[in-house]
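Work the whole structure out from these sequences, hints included.
Residue numbers (our numbering), protein chains in the order written: chain A, 1 to 202; chain B, 1001 to 1202.
Derived by calculation from the structure, the hints in this document are not laboratory data. Possibly wrong hints are sitting among the right ones.
[Said to hold, decoys possible] Quick list of in silico lysine-lysine cross-link-like pairs, BS3-like style, CA-CA up to 30 Å:
no. : chain 1 : residue 1 : chain 2 : residue 2
1   : A       : Lys45     : A       : Lys23
2   : A       : Lys135    : A       : Lys162
3   : B       : Lys1023   : A       : Lys23
4   : B       : Lys1023   : A       : Lys45
5   : A       : Lys45     : B       : Lys1045
6   : A       : Lys23     : B       : Lys1045
7   : B       : Lys1135   : B       : Lys1162
8   : B       : Lys1023   : B       : Lys1045
Listed here are the chains, written in short residue letters.
Protein chains: 2
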Amino acid sequence: MSYSPLLLRLIETLRCMPGVGRKSAQRIAFHLLERDRGGAGELSKALADAVAGIGQCSRCRMLTEHELCTICSAPGRDESQLCVVESPADVMAVEDATGYRGFYFVLMGHLSPLDGIGPGELGIELLDERLGEGKVRELIIATNPTVEGDATAHFLSNLAGKHDIEASRIAHGVPLGGELEYVDGGTLSHAFFGRRVVDLYC
Amino acid sequence: MSYSPLLLRLIETLRCMPGVGRKSAQRIAFHLLERDRGGAGELSKALADAVAGIGQCSRCRMLTEHELCTICSAPGRDESQLCVVESPADVMAVEDATGYRGFYFVLMGHLSPLDGIGPGELGIELLDERLGEGKVRELIIATNPTVEGDATAHFLSNLAGKHDIEASRIAHGVPLGGELEYVDGGTLSHAFFGRRVVDLYC
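Here's what the structure looks like:
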């Protein structure tokens, strides 16, 4: 025996969310139907509105329902710095943790030729155009420290070089609160070769 | 700075799901918008249809969009046994794991006077009526082994007694694969006092 068709369909479709398997989908479906039908209705509307309304910022590719995202349309930010990240969540992470006041460019992925993701898919043309405007003086590359992220960073630094723009990459090393003993070799090696003269910190 | 209003609303409403906090909601929202807009649209429709269509089975209170759920309307099940559980997920758990061929009754909760949940909220009248029909000969109580589940089990066994129906409760003890050394005291005590003569198993 199985669930009624409508319930089964709800459980199956809930699995489109990342990290939600059969058991979690079942738990979520029952929770919503038993205890929070109002919330489920709201969620249904929010999903439909988001899918219909949210596109990409025409300047930085961030997710937004407007022509320009809240950062690109904010007054008083520093036009000389442009930080390139892989995903919209990274924008929020940098924005929340650092005092960075420049602009962003969201690749929505990383170079991955095997998956058919090349410069075209990452909006590199738009970035090229942006760098060509002559206002950006530093390209801060904040792609992830993975093989694909590294390849993407390499590609971006070449692009910056073409425009005579300085390219920098965020530091990789031992995280705060981490202990050397438990840090993996690759990270430690990065931290070691990326060492800085202590005076610089004063 | 924050997300655009529509994105913010999606992230906030995603949090109505159990186990989904701010970070998970953000991750789900980005995943759906970046990689699975089709799935998000389907989910939106499935949620709306489920909220509008799914109610309770008029006989056992299981969630279903029909008058009777798939179990209550299945032919050939044993009318002499009725298993009482707390939630629809419990029905599926018993159904999947055991060869039980009787019917179910779903309380949709447990007695909890402090939260204002009494017999009325658990559909006890409907159960009383069902037991009064005279077809049920064994009431299998499968409420959870918690304080409220125990109180509910006690209440249900009294109800069964009123109708001269045998009440049984599923066994609590050491789970298969568990080791005595690591089982908590309450469970071990239950297992000890619920011991059975070995010959019965032959």
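Hints and how they fare:
1. Lys45(A) to Lys23(A): This hinted pair holds, its Cα atoms lying about 24 Å apart.
2. Lys135(A) to Lys162(A): holds, 15 Å
3. Lys1023(B) to Lys23(A): holds, 21 Å
4. Lys1023(B) to Lys45(A): holds, 21 Å
5. Lys45(A) to Lys1045(B): holds, 9 Å
6. Lys23(A) to Lys1045(B): This hinted pair holds, its Cα atoms lying about 21 Å apart.
7. Lys1135(B) to Lys1162(B): Holds: Lys1135(B) and Lys1162(B) sit about 15 Å apart, inside 30 Å.
8. Lys1023(B) to Lys1045(B): Holds: Lys1023(B) and Lys1045(B) sit about 24 Å apart, inside 30 Å.
Consistency with the previously given hints is maintained throughout, with no hint failing.
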